[in-house]
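Participant: Please construct the entire structure, taking both the sequences and the accompanying hints into account.
Convert by adding 844 to the 1-based position in the sequence shown; the result is the number in the working numbering.
I should point out that these hints are in silico values taken from the structure, not numbers from a laboratory.
Under the rule of at most 16 Å between Cα atoms (straight-line distance), these lysine to aspartate or glutamate pairs were calculated in the EDC-like manner:
hint, residue 1, residue 2
1, K978, E938
2, K996, E962
3, K943, D924
4, K903, D877
5, K857, D881
6, K902, D877
7, K996, E867
8, K880, D912
9, K902, E869
10, K880, D906
11, K902, D912
12, K978, E1010
Quick list of simulated restraints, FRET-style, between CB atoms:
hint, residue 1, residue 2, range
13, K911, Y1027, 33 to 43 Å
14, P1001, K911, 38 to 48 Å
15, V1023, D924, 25 to 35 Å
16, K880, N921, 14 to 24 Å
Yeah, the Cβ is synthetic: ideal placement off N, Cα and C, and Gly gets one too.
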Amino acid sequence: MKNKINQLFKDQKNVHVLYSYNEMENYINQVVDYIKDGIYAGDYIILIENDRIYPLIKKQLDTLLTKDQMNLIHRINNFDFYYSSGSYHPPSIENYFNKMVQPYVENKISFRSWAHVEWTTMKDPLHLIEDFEKIVDEAVNQLSFPLICAYKGERMPEYLQTILMETHPYILVEDDFIVSEQYRPAKSK
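Facilitator: Structure representation (structure tokens):
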């Protein structure tokens, strides 16, 4: 699987991947590999992760990367990222993301991103996630960078699974990497 996804990133930069995980150990191994492989490929990393999991990721990365390589990782708290406006509001999240990647884009610096998408309740209407994922899919294609969106599998109701399969061209399920047959490309504005 690892060789398959690395080859995809070499062949094209605009790769939007859904990662459905269940076991935390597998999750941490996947994100560490993604970051390490990105840094070895010369990419900066934008890591959108929570405060609880990040120290576990950092602990592994500290054993694999030099201090200079660790400086290539730009970590953002995922709660601050997704709720920057006080609620899960796709246009606000898009603005936050655009400001964050602007220096990379303007300076033609290669980057990749990992986004851990979480919510504590299902209060937020799922159509907002659909709206956001469509915006993100378009951004990945326009800005030409790889992005993995990680969702906890057991927290994905069937309706959300369908939305995510339709908004991500590639799916990483634990150790299996596939092309989504349900994917529907975002329509340009």
